[in-house]
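K.L.:
Here's the letter readout for the chains.
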Amino acid sequence: MVEMTSKEKFKHLDKIGPMILQCISCGDCREATDYSSDPPKSGVCVSRDHTSGFEPFFGRGKMQIIRSLWQGKLELSKDLAEVIYQCPTCNACSEACAYDMDNATIYEALRAELVDAGCGLEAHIPMNKAMVDLLNPYQRDNKEKNNWIQELDFKVKKAPEDKADLLYFAGCTAALTPEIKAIAISTAKVLHKLGVDFAVFGDQEVCCGSVAKRTGDLNAFKSVLLKNHELFKKSGIKKIITGCAGCYRTLKTDYKDYLEDLNIEIFHTIEFLDNFIKDHETILKNLEITTTYHDPCHTGRNAGFSPLYEEPRRLLSQISTLVEMDTIKESAKCCGAGGGVKKGFPELALEIAKSRIMEAEETKAKYIVSICPFCYRNLFDAIKELDSRLEMIDLMELIYQSLI
Amino acid sequence: MATLDKAYKEIEGIIGSKYITEKDFMKAAYSRNVDPAFPDRWADMIVRPVSSEEVSEIVKIANKFKIPMVPRGGGADLVGGSVTQGGILLDLTRMNNILQINEENFYCEVEAGITWGALVSRLHDKGLTTGVLGPGSGFSATIGGGLSNSTAGFGSTKYGVVPDICLGIEVVLPNPQGTIIRTGAAANKYAEPFCRYGVAPDFTGLFMGDVGTMGIKTKAFLKLFPVTPFKAQRYYILNKNDYNKVYELLHRLRAEVRDGLHDVLVVPLITMQLLASLVENKPNKRPRLKGPIFSILVEAMDERILDVYLEQVENIMKEDAREFEMQEVDLDATLSRDWKFNLKYAYNYFNKYISVAPPKISCTTCHKVPISAIPDVAEKSNQFDIKYKSEFPLGSISLFATVIFLMPNGNCVIVGGFNADNIDEQRETSMKMWHKKLRLQVRYGGVHYWLGEAISQSIVEADAYTPEFIQFFKNMKKAVDPNFLLSPNKFHMYNYEDDIFSHIVREE
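Line order of the protein sequences matches chains A and B.
Residue 404, in my numbering, is where the first sequence stops; the numbers in between run on with no holes.
Residue 912, in my numbering, is where the second sequence stops; the numbers in between run on with no holes.
Warning: the hint list may mix true and false statements.
[Unchecked claim] Capping the alpha-carbon separation at 30 Å, the derived lysine-lysine pairs in BS3-like fashion look like this:
| no. | chain 1 | residue 1 | chain 2 | residue 2 |
| --- | --- | --- | --- | --- |
| 1 | B | LYS644 | A | LYS73 |
| 2 | B | LYS427 | A | LYS11 |
| 3 | B | LYS791 | A | LYS354 |
| 4 | B | LYS649 | A | LYS329 |
| 5 | B | LYS791 | B | LYS644 |
[To be verified] Short derived list, chain B residues pointing at chain A, Cβ under 7 Å:
| no. | residue |
| --- | --- |
| 6 | PHE429 |
| 7 | ALA433 |
| 8 | ASN643 |
| 9 | ASN645 |
| 10 | ALA680 |
| 11 | LEU682 |
| 12 | ASN755 |
[Claimed, not checked] Cβ-Cβ distance ranges computed for the label pairs, FRET-style:
| no. | chain 1 | residue 1 | chain 2 | residue 2 | range |
| --- | --- | --- | --- | --- | --- |
| 13 | A | ILE125 | B | LYS593 | 42 to 50 Å |
| 14 | B | SER455 | A | LEU194 | 57 to 65 Å |
| 15 | B | ASN501 | A | GLN139 | 42 to 50 Å |
Derived by calculation from the structure, the hints in this document are not laboratory data.
Idealized CB from N, CA, C, for every residue including glycine.
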């Protein structure tokens, strides 16, 4: 039997190139604490902080494992997957890296190898299968994505049948989670109130595939990507806005090469509104509340060269008194939900979120605000678990209140 | 049940199943540090104890089953110091609490697994500092590792090496009883750990720079200093590439500016040329670099005194050098007058030198020499590099020094080495040249500090130790480690009977 080379065996890692073997093992990704950085850093890896903390739970250990796999000293296994998937791929390790390695991209490739080898996490299989079969990862009838629309007191355009240049892509979490649908409803109401012409897909909206990409099921990802491409093309849309940080990152970065022919611009709704409000000199009412802001990793560290750090803060500062947490922007602690952790390891996700809520409580703010339904969901669960006095709210809900 | 399995079960009974592992991928993850040439080494098991008492129990079990142990801090070591082929690897980073910051008496008590970055950040909130901020890997490196390697780092020109700020430690001896002792003032059970000397012989020193061979450090008591509010940095470039002049200027700076000096670094001309070539944002026209660059950082409690220090520096330097700005070679560099201290300057700064072009890593040869020896050492080092040019690993660059770092009184660290890829094909070549160069340095009287395996063995190979010293060393180790279980292989010591002089390399 001819033995496969590492390049043949690990094609997803191979695609990344020499970077997979460039880690020198300095360990700055473990817990670089730095009072002098702006913003200050207080540790790095939330996964390490809330697990047994052995090396594979943070960047350096994972990179060393990849090295050992590449050198044929180690085999992929279910045991290994159990650890590799306890990482929300928040990329705080990349932020700490003196050599600017893009850790999350490498972890995703490693997960793709695990899935191809039949070692993916069992908990993710039905989620990614539902994404392909039902067009959402929540194993729900996609018709339910119409429910939030039915709560609007005005008519919205339904793409692809109705034509509009601007599409509001609600995302599966906001569209299908009763406690979170207020985000989608508020977004539509804000757009309507500002006179923005837009359309939605409703029950035809296809999951962006973020969770499949993050968990390494690239077949599932490719399947929804192609469906979305078809749908976008048919709709003739020019611009997509989404209130979901995960959808934003996926559409903006992971779809980039595939959407080139359609020339569609991608914005987070907050980015869009920040520009709109500036251009139209829209006055937002100050709601006389104190808020603190949680940076989603998908709009921050994982958003490439255009992270959305200032846009939400600019809006929040107009409508509330914003009190910052200790760790913000590129140093912000992750909520713990991403990278398939909420699905695969719900207790770990909750523990990480509880830490973030405790950090937010220090600010004495009334509301913890974010721009990601998935962060919303996990932080909301932590608030309940801790019986915290904090209230979870999406920025779009506050903007809607400030426009009334 | 096999011995290892029995030991595993017993340790698991002490620290719980969550904090012990023998899984292959875990072993792989711990199989190397920042190693430029060592092969990956897999421990038999890895444990993460949380207290001195747990460490003590593990030590007792290791002795019962005669299993070797290696302690590991931040794992930022370059010289094979904290990896082990087989045996128990003790990851001590769970022991990372600050137990006391005594603001009244300027000392602190910390668990040895805390990182320098975490400790320095907490102290800064209280207007305090450890003076020397630990090694250039301080975001990752631990206090325990800094003590075990007698490391130098940011602040060393003024505050010395890490053991110089150590007032004592708590250490678990590797004996069958897993004895826990405290040294320094803390050896007096009635005393606070506020000073180092006086209670007994300085047993703290026994464990400083021991590269984990004498005991497992679990706590450290450290001196604290008030943060000095005013700091300023200036660069000077020498008019010619003259190491006699480098020595003269370092001597005058030490003699005349004294405590005002916080850090003095000399970047050799060739290093500066190399760094300038790697810059992304280059100026259209670059001045001709003629000599080494002095980076001089002064500090004072009063801005007026700072100005006096800067004036003194200018007076010393002006005849042989001109003021220099890094912007002359790198448009993104900060002007001296806008310079502000941050931890990245102290920590990432060194990382970049350790691996200018990852994954190549430096086969480090950092060592101390008297400042008057700099010209001779530069010459000898360059001659060595020329003589053995063809024997270095492929694509390797060997530099006499990436930086010369002034230490207290009249000694300096020659930070240097040559870079290598940690790949099977290069390993033998790299290791051979690494040891050869280290032996040269030992023989011209250089004193290394982070010894690990590579350097401690090279000192033996260079025949630096007398038989009397080695016997004393063995006797001391035997007193604390009768079964020879802790950190074997270092100093070419594999058991107490072995003749380490058989490892001397005489042909050079």
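K.L.:
Would you mind marking each hint as holding or not holding in the structure?
P.N.:
A quick look at each hint next to the structure:
no.	hint	result
1	B:LYS644 - A:LYS73	violated, 51 Å
2	B:LYS427 - A:LYS11	holds, 25 Å
3	B:LYS791 - A:LYS354	violated, 62 Å
4	B:LYS649 - A:LYS329	violated, 48 Å
5	B:LYS791 - B:LYS644	holds, 25 Å
6	PHE429	holds, 5 Å
7	ALA433	holds, 4 Å
8	ASN643	violated, 34 Å
9	ASN645	violated, 30 Å
10	ALA680	violated, 20 Å
11	LEU682	violated, 13 Å
12	ASN755	holds, 4 Å
13	A:ILE125 - B:LYS593: 42 to 50 Å	violated, 60 Å
14	B:SER455 - A:LEU194: 57 to 65 Å	holds, 60 Å
15	B:ASN501 - A:GLN139: 42 to 50 Å	holds, 44 Å
In terms of the numbered hints stated before, the structure departs from hints 1, 3, 4, 8, 9, 10, 11 and 13, listed from lowest to highest.
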